[in-house]
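Line by line, the protein sequences are chains A and B. Residue numbering for the first sequence is 1 to 620, as defined by my numbering. Residue numbering for the second sequence is 1001 to 1355, as defined by my numbering.
The set of hints was computed from the structure by calculation and includes no laboratory data. One thing to keep in mind: the hints can contain errors.
As the list claims (entries may be wrong) - Where chain A lies over chain B, by a calculated footprint (3+ residues, C-beta under 8 Å):
| hint | segment |
| --- | --- |
| 1 | 1004-1011 |
| 2 | 1155-1166 |
To be verified - Below, simulated SDA-like cross-link-like pairs (lysine to any residue); rule was C-alpha separation at most 25 Å, straight line:
| hint | chain 1 | residue 1 | chain 2 | residue 2 |
| --- | --- | --- | --- | --- |
| 3 | A | K180 | B | P1119 |
| 4 | A | K17 | B | P1119 |
| 5 | A | K17 | B | G1329 |
| 6 | A | K266 | A | K135 |
| 7 | A | K218 | B | P1291 |
| 8 | A | K17 | A | P72 |
| 9 | A | K159 | A | R56 |
| 10 | A | K594 | B | A1205 |
| 11 | A | K529 | A | G564 |
| 12 | A | K135 | A | E539 |
| 13 | A | K205 | B | L1306 |
| 14 | B | K1036 | B | R1025 |
| 15 | A | K180 | B | V1105 |
| 16 | B | K1034 | B | H1004 |
| 17 | A | K594 | B | A1224 |
| 18 | A | K218 | B | D1284 |
| 19 | A | K266 | A | K159 |
| 20 | A | K367 | A | E347 |
| 21 | A | K180 | B | G1329 |
| 22 | B | K1034 | B | A1224 |
| 23 | A | K180 | B | L1306 |
| 24 | B | K1034 | B | P1014 |
| 25 | A | K460 | B | A1224 |
Ideal Cβ placement from N, Cα and C applies to all residues, glycine included.
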Amino acid sequence: MPPSIHPVDLVATLRQKNLTPAIIFLTSRRACDEAMQSFERSQVLLPKSRQEQIARVLTQVITQFPSISEHPLIDTVQRIGVAAHHAGHLPSWKIAVEELMRTGSLDAVFATTTLAAGVDFPARTVVVTQSSIRKARDFTDLTASEIQQLAGRAGRRGKDLVGFAVITPSPYIDLTVLTKGLTGQPEPIHSQFVISYPMVLNLLKAHPREQIQSILAKSFAQFQLNQRTAVLETKLDTLRAEMEPFGPRVCSDWITQWQIFDQARKRKKPRGPAARQESPDVAARLHFLTPGRAVGLARGRGIILRQYRSKGQHAPMVTLLREGGALNECPASIVTQVFDRTYECEETSTYPWITRDSLDQLTHHLKELPPRLPILPILTHPEEDAPLDSSIIHTLGDFPCPSCPSRQACQRDYVRASRIRQEIHRHTKSIQALQTSLWHRFQERIDVLERFGYLDATAKLTADGEWARLIRIDHSLLITELIRAEAFGAIDPSLLAAIMASIAHDDDRPGSFPRGSAGLVTLLFQVRKLAESLLPHEEPPMLRADVAALTERWVADQTLTWIGLARLTTMAEGDMFRLFARTIEFLSQLKTLKGTHPSLAESATQAIAAMRRGVLEELP
Amino acid sequence: MTTHELEQLLLQQPVSLLHRLARGRISRHFRSGKRKLVDLLLQASSENRPGLESDLTALIEEQPRRHPEAPEKSLPQPTKQRPMTPPTAHRPHKADDHGHHEPPVSLHEWLSGIGVPPPQPFVPDAWQVDALARLAETDVVVSVPTGSGKTYVAIEATARAMRENRTVIYTSPLKALSNTKFTEFSRLFGPEQVGILTGDRRENAQASLLIMTTEILRNLLYDAAGGEIDVRLDQLGLVIMDESQYLADPERGVVWEETLIFCPSQARLLLLSASIGNPQDIADWLTAIRPTPCSLIRHTKRSVPLRAGYLHPNEKLTPLFRTAGIPYGQPHLIHPEAKRLFAEYEDETGPSRSR
């Protein structure tokens, strides 16, 4: 059995059961394109009348958007009544497909799940072939909301009596995710409030700092935090009620009093087995088990990478590099011999506790270790208990507890009371944190903006802050810092557009691209350096040189046609379009700076004008 | 007992009993649906018929109280000892037993009813009327399934506001959607009435109906707060935010919050959202931060009923659930045929599943 149904068979089955028109959601753009290709070889043709209907609709769209008149897929679409619709296509082509679907001229559209929200046309049937979706770099299961969003496209009002959501399996599909999603409740939504630099500048422009907290309190984020606070408050009330019997006794703060007394008492005569002591020879060896030390084990040999105490039992532990390259965490007692040999290594604070280079070197050393090594003679002597701090014994006399009439009651209730008190303390702290967290985050941003000179010490906008607040896009700090560093002084529009494109583009889809000019390469290098220096305050953009070069070409060479540009790269037309549209968006933000930075604004205006031609001009 | 009698008797039993009976007789019986299981049991019975019959009687006696016999199948009682329990007496209280008593829907039934409804004059749904009525008094959050007709509410509300000479702003999260709406609204209200503002496009920016992306509205509001007065905002009568479930978008959700916080208080808000789990929270939040209260219009019933199916790679189509419609809240009511086919699929694609 094939891992999934062949697209041609799928459409044939849907046609035969009268389940068309259908939207078929596939995992990737490539899957959509391949599905289309498989139809090119198929012999199934539409009846003449249907072909003519498609042609009619297409002609109409083409008069509006001439750029698609030579679209390579037109022929296939007309012949077989099936199309693909995904983000790799030009918006005009997508509009054409949507129009065809709306008029009921197509039997099926292959679309990607990623853009389910952008698919604004219904069908009789929706076909789902997957239960997970690629988000960032990982696959995550579709949520009930997403599944219902997909299935919701099935059944056109006024055109269908019933809609169908058909699941057809492909590898990796999990049927339960889909059945649960179809029958379940959509998930509740949660606030994703983040405090950005432009937000801080714009709020402080209009409101004094004292009012900000009340504005933040109006956010949905705070509304949801308050819901959590309410839950904690009820818990707190129950705890307070439980605390009632443990109110003030002979001394008002008897819990603390007893706690100190108890500690001191325990110090005096340790009860039961105290922390488990390691055997004398392990204890004696411990001092020698430093990073880089070669040791003999019960089986084989190894090199110590780190020594530590286990969390629960505080047993002495070591991280070992073993022969064969394995990294083990084991009790220190595993070491039977300590060799008189250590190697240099550079320690780090995270696994594997030494640097990559050192690890490689140690692995090498371990391999080359001579068969016989001098063993360190280690003297063991039974350890004696450390002498008790005499001051504590002395102070015991100062405690009222031993002779207090409520001593019995205190002793009995202490564990419970102190536990409740701790809980109350913890909840109170959490409530405080929930109530002030937004303001704290805002304050952090204020501090950064103050350090960079966009705000003065009273959190008022400086001259730089006044114009910087107009840049309300991602990576605003990088852009405003670039402007202040005069990286764009009298810049060529093509370079400006190229840099903006590299800042705006956030897709890591690989491909081949034209090369940038020397000027662009140098400038981009400087931008990258600045972005890195801003790292603690703002996530750096991808700053891809290739998409920058593509944009540079488009702006610099006005004779270049869209088709010509598309030939220079493997980037999909839809991606190119989105890149340019987003770049124009970024450039129009620079245009708003004409009051303070006239030459930059002028350059941005020129760049926008140069970019808007061909497909970019005709499009809505 | 004839084979036919045995078959009928088996068919009356709950699946769990059949599975106990199948233990040791049929390998991998948990993969099969009831009908299939009965067939397999009958096949297996040729080896040791009396053994199967006595086991069956024993099992039936063991759980007389749990036996949920359907009333319409009043067949001759083969075992006299078994008390005939009244069918109404014990509808199993747990919902998950439910599906085993009614035969699963057949493909024919499932497919029946496909077609185009006869043309009818458009009558707005009750919720649409309700939403529009409430919008006269309060802000409104609408959370309804995809394809329920949110656009009708948007258009009608826009028309009403424009009749009162008030500006309307319509925001959508995607430029593509903004463009579609621009075309649609221009057709409806006339091109001179409609303008569009997106990050890279600006047309007819003084029109009384403005389509824009949410980011643009946020920027307008910031500019207004910063002192740049915008006439459009003074006359603003209605703000429609389409796809407001974007409030939860990790990157852009904050823009929706900013917009809603700073939205002028004299303007009515109409939030259109796909089905979400906590629309009441949104309505409560808006009530808390705005001078006008906010009503919630919510319904989960789709205007065109939805059915779910399973299509096997060998082109065999079956219903996905035992019921024709989608059994909300009961994901386990999977059609035995779909279950069997999918199990087969998993078996064959085998290790590739263990991702």
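- A:K180 and B:V1105: Cα distance at most 25 Å? Judged against 25 Å, a Cα distance of about 19 Å means the pair holds.
- Query: When you check the alpha-carbon spacing of A:K594 and B:A1224, does it fall within 25 Å?
  - Reply: The given pair, whose Cα atoms are some 19 Å apart, holds under the 25 Å limit.
- Hinted pair A:K17 and B:P1119, Cα distance within 25 Å: holds, 23 Å
- Is the Cα-Cα distance between A:K460 and B:A1224 25 Å or less? Holds: A:K460 and B:A1224 sit about 18 Å apart, inside 25 Å.
- Item | Proposed proximity, B:A1224 with B:K1034 (alpha carbon, max 25 Å) | Roughly 68 Å between the alpha carbons, so the hint for B:K1034 and B:A1224 is violated.
- Restraint check for A:K180 with B:G1329, where alpha carbons must lie at most 25 Å apart: OK: A:K180 and B:G1329 at ~8 Å, within 25 Å.
- Message: Checking one constraint from the list: CA of A:K159 to CA of A:R56, max 25 Å. Satisfied?
- Response: Given pair A:K159, A:R56 holds - Cα atoms ~21 Å apart, limit 25 Å.
- Message: Holds or violated: A:K594 and B:A1205, Cα atoms, limit 25 Å.
- Response: Holds - the C-alpha atoms of B:A1205 and A:K594 are around 20 Å apart, at most 25 Å.
- Message: So if I understand the rule, the pair passes when the alpha-carbon distance is 25 Å or less; does A:K529 with A:G564 pass?
- Response: violated, 33 Å
- Message: Check the hint pairing A:K135 with A:E539 against an upper bound of 25 Å on the C-alpha distance.
- Response: holds, 19 Å
- Satisfaction of hint between B:P1291 and A:K218, Cα-Cα up to 25 Å: Within the cut-off at roughly 12 Å; holds.
- Between A:K180 and B:P1119, does the CA-CA distance stay at or below 25 Å? violated, 35 Å
Violation of the numbered hints given earlier is confined to hints 1, 2, 3, 5, 6, 8, 11, 13, 19, 22; the remaining hints are satisfied by the structure.
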